[in-house]
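Participant: Spelled out from the first residue to the last, the chains are:
Number of protein chains: 2
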Amino acid sequence: MTRTYDVAVIGATGSVGEALVQLLEEREFPVATLYLLGSGESAGESLTFRGKSRRVAALEAFDFSQVRLVFFAAGAVVTRGHIEAARAAGCVVIDLSAALPAQQAPRVVADANPEQLSRLAPPYCVTSPSAQSVAVATVLAALRPHIEVQRAVITACMAVSSHGRQGVSELARQTAELLNARALEPRLFDRQIAFNLLAQVDAPDAGGHGALERRLAAELKEVLGSPQLKVSATCIQVPVFYGDSISLSLQCRDAVEVEQVCAVLRTASTLEYVEAGDYPTVVGDAVGQEVVYVGRVRGGQDDPAELNLWIASDNVRKGAASNAVQLGELLIKHYL
Amino acid sequence: MTRTYDVAVIGATGSVGEALVQLLEEREFPVATLYLLGSGESAGESLTFRGKSRRVAALEAFDFSQVRLVFFAAGAVVTRGHIEAARAAGCVVIDLSAALPAQQAPRVVADANPEQLSRLAPPYCVTSPSAQSVAVATVLAALRPHIEVQRAVITACMAVSSHGRQGVSELARQTAELLNARALEPRLFDRQIAFNLLAQVDAPDAGGHGALERRLAAELKEVLGSPQLKVSATCIQVPVFYGDSISLSLQCRDAVEVEQVCAVLRTASTLEYVEAGDYPTVVGDAVGQEVVYVGRVRGGQDDPAELNLWIASDNVRKGAASNAVQLGELLIKHYL
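Each protein sequence line maps, in turn, to chains A and B. Residue numbers for the first sequence, in the UniProt record's numbering: 1 to 336. Residue numbers for the second sequence, in the UniProt record's numbering: 1 to 336.
Be aware that a few hints might be false.
What the hints assert, rightly or not - Dumping the calculated DMTMM-like pairs for lysine to aspartate or glutamate here, alpha-carbon to alpha-carbon at most 25 Å: (1) A:Lys230 <-> B:Asp303; (2) B:Lys221 <-> A:Asp303; (3) A:Lys230 <-> B:Glu25; (4) B:Lys221 <-> B:Asp205; (5) B:Lys230 <-> A:Asp254; (6) B:Lys230 <-> A:Asp205; (7) B:Lys230 <-> A:Glu148; (8) A:Lys52 <-> B:Asp302; (9) A:Lys221 <-> B:Asp254; (10) B:Lys230 <-> A:Glu257; (11) B:Lys230 <-> B:Asp190; (12) B:Lys230 <-> A:Asp303; (13) A:Lys230 <-> B:Glu177; (14) A:Lys221 <-> B:Asp303; (15) A:Lys230 <-> B:Asp205; (16) A:Lys221 <-> B:Asp205; (17) B:Lys221 <-> A:Glu329; (18) B:Lys221 <-> A:Asp302; (19) A:Lys230 <-> B:Glu148; (20) B:Lys230 <-> B:Glu290; (21) B:Lys230 <-> A:Glu329; (22) A:Lys221 <-> A:Glu329.
Treat the hints as calculated values from the structure; they're not laboratory data. A quick note: this is a predicted structure, and the numbers were derived from the prediction, not measured.
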């Protein structure tokens with residue numbers, strides 16, 4: 001008989017939390033009792049797990065000593081308010097909000113740097129990187145044995161579901177208003193997102209970089225173990241409901257053999273490679289999948305050491321929930 | 001009294017042709033008689049110029065010796081079929097389809113390399129580059145006296161109006177179908193464009209690059225007079241009606257003084273610079289304007305010689321029609 005564990009999911013009613021609960025069931029994660037927790041208004045809602053409706057309890061009143069493993073799928077503020085209690089109770093913690101610094105909770109992409117997990121000391125605490133980092137790192141990790149990347153220029157075109165359900169309903173509402181020729185009053189975003197592209201997804205710092213752009217650069221270096229990697233990151237908001245589309249241009253140390261790169265990507269179990277001529281998109285390909293799609297693989301027009309790729313990945317299911325559940329599976333294997 | 005010229009617009013009923021006719025009027029271009037021409041079904045339609053409705057005549061029957069200046073705003077196939085007749089008749093030709101090689105019809109962006117026009121020999125023939133080249137070249141030309149760019153990595157997010165009115169109505173149709181939860185049958189694009197991003201805008205060649213991506217790289221080098229410039233170009237189709245959004249990452253020879261770059265962009269008459277914190281978008285900013293918008297100007301996170309920018313530009317009005325009319329004005333000044 002497989003050993004089972006009591007598990008808590010914080011932020012269970014959010015879109016990532018819900019996908020997480022779904023994946024715990026689908027992947028037959030060894031759950032004994034599942035505690036669904038939310039803060040504020042979300043407590044009292046319910047979710048289905050293994051065919052039964054389960055009520056979301058108030059995070060504020062939760063006793064972490066009841067569980068062995070905790071997924072923090074809430075925002076960074078809520079997570080910061082409760083993560084120390086979980087660690088103090090001896091829980092294994094998987095945080096999706098990057099509330100703790102890398103020294104306390106290393107960034108791990110299951111399909112890129114799983115070996116990092118074997119180096120943890122108790123209390124076991126690990127961060128699941130941003131969805132965009134998961135997607136890019138998965139591709140770069142597959143290529144790592146074959147090419148040495150010196151610079152990655154990333155334009156990440158992010159779906160509105162990066163803002164959770166509110167983002168999804170705001171895009172739907174704005175689109176319907178515009179199609180019905182009604183005046184538009186943007187609510188969630190600072191301006192019209194329907195039929196428009198927004199050049200930033202969060203407030204830029206003094207250097208002009210957004211928090212997610214900083215996070216993406218830092219996470220890629222850490223996950224790939226390449227502190228010297230140069231990263232240019234631009235995160236934009238696009239009028240797409242689900243799934244991130246990423247334009248990636250790499251500069252490598254040596255001339256790139258594009259055919260070899262394609263062969264590597266084609267056989268990588270962590271990726272779905274789409275042959276030249278065709279290309280992956282979020283709608284119809286990546287969304288709903290637990291795998292990162294990659295296509296439009298091509299060299300440089302002017303530089304033999306350049307490699308260009310296009311990535312499509314489900315930001316909620318693959319980039320967030322699936323990586324977190326994979327980390328949980330690996331942590332169980334290593335330590336429980 | 002200003003001298004005036006008989007002018008023909010080929011492809012007058014297309015969205016670029018229509019914008020061109022509008023700008024000839026708005027900019028008080030010295031038109032004596034305006035001939036509107038179209039091929040196939042478009043002959044017989046009508047457009048308004050200087051308050052009067054004008055009928056579009058059949059291109060096939062047109063005698064080019066009647067006019068002094070011709071704008072080719074049709075596709076490359078139609079243009080190739082008639083451009084030699086226009087040149088043989090001694091017309092000054094401005095082609096927006098890049099039907100002729102650069103040796104016969106140099107690529108000129110009025111706000112980037114106007115000096116090129118003084119070197120023409122008769123028959124005077126010039127190409128207005130792609131809308132994306134016009135936008136990027138305008139920004140790079142403003143920076144040229146201050147920074148030496150060695151590599152430009154471009155992700156051009158293109159509006160459906162790059163496919164003319166058909167593109168616009170296809171996005172509207174698909175969006176309405178989806179919002180009404182009806183099954184979708186893509187027509188113009190090879191798959192769903194509503195709420196989706198398509199990774200390429202035309203068929204890739206053996207190297208994986210699309211024709212527009214090749215054109216963008218070649219045009220930038222020619223217009224900026226930098227044959228050694230390395231260009232990585234990715235052109236994608238986004239669910240936006242009008243206006244291109246371009247993510248641009250530059251590598252320069254020397255460390256970039258971001259404050260100086262901002263000061264240069266702020267004072268450039270050819271650009272609208274948007275201060276940090278805010279950012280330009282196509283809806284609300286660039287669309288309907290004859291100026292290229294630039295914002296999100298920031299250095300590199302890891303490289304002092306990196307510069308990142310965001311460009312928003314009206315692909316039809318600014319990128320195509322306005323540059324062509326500006327070229328016409330300059331050609332008149334030089335040669336007529």
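Participant: Run the distance test for Lys230 of chain A versus Asp303 of chain B: straight-line Cα separation, threshold 25 Å.
Facilitator: Holds, at about 7 Å.
Participant: Run the distance test for Lys230 of chain B versus Asp303 of chain A: straight-line Cα separation, threshold 25 Å.
Facilitator: 7 Å, holds
Participant: For the pair we were handed, Lys230 of chain B and Glu329 of chain A, check the Cα-Cα distance against 25 Å.
Facilitator: 45 Å, violated
Participant: Take a quick look at whether Lys221 of chain A and Glu329 of chain A sit within 25 Å of each other, Cα to Cα.
Facilitator: Holds, because 24 Å separates the two Cα atoms, which is no more than 25 Å.
Participant: Can you confirm whether the C-alpha distance between Lys230 of chain B and Asp190 of chain B stays at or below 25 Å?
Facilitator: 31 Å, violated
Participant: Holds or violated: Lys52 of chain A with Asp302 of chain B, Cα cutoff 25 Å?
Facilitator: 50 Å, violated
Participant: Holds or violated: are the alpha carbons of Lys221 of chain A and Asp205 of chain B at most 25 Å from each other?
Facilitator: 33 Å, violated
Participant: Take the C-alpha atoms of Lys230 of chain B and Glu148 of chain A, compute the straight-line distance between them, and say whether it is at most 25 Å.
Facilitator: 20 Å, holds
Participant: Measure nothing beyond the straight line between the CA atoms of Lys230 of chain B and Asp254 of chain A; if it is 25 Å or shorter, mark the hint as holding.
Facilitator: 16 Å, holds
Participant: Does Asp303 of chain A sit within 25 Å of Lys221 of chain B, going by the straight-line distance between their CA atoms?
Facilitator: Distance ~14 Å between Lys221 of chain B and Asp303 of chain A Cα, so the pair holds.
Participant: When you check the alpha-carbon spacing of Lys230 of chain A and Glu25 of chain B, does it fall within 25 Å?
Facilitator: 49 Å, violated
Participant: Check the hint pairing Lys230 of chain A with Glu148 of chain B against an upper bound of 25 Å on the C-alpha distance.
Facilitator: 20 Å, holds
Violation of the numbered hints given earlier is confined to hints 3, 6, 8, 11, 13, 15, 16, 17, 20, 21; the remaining hints are satisfied by the structure.
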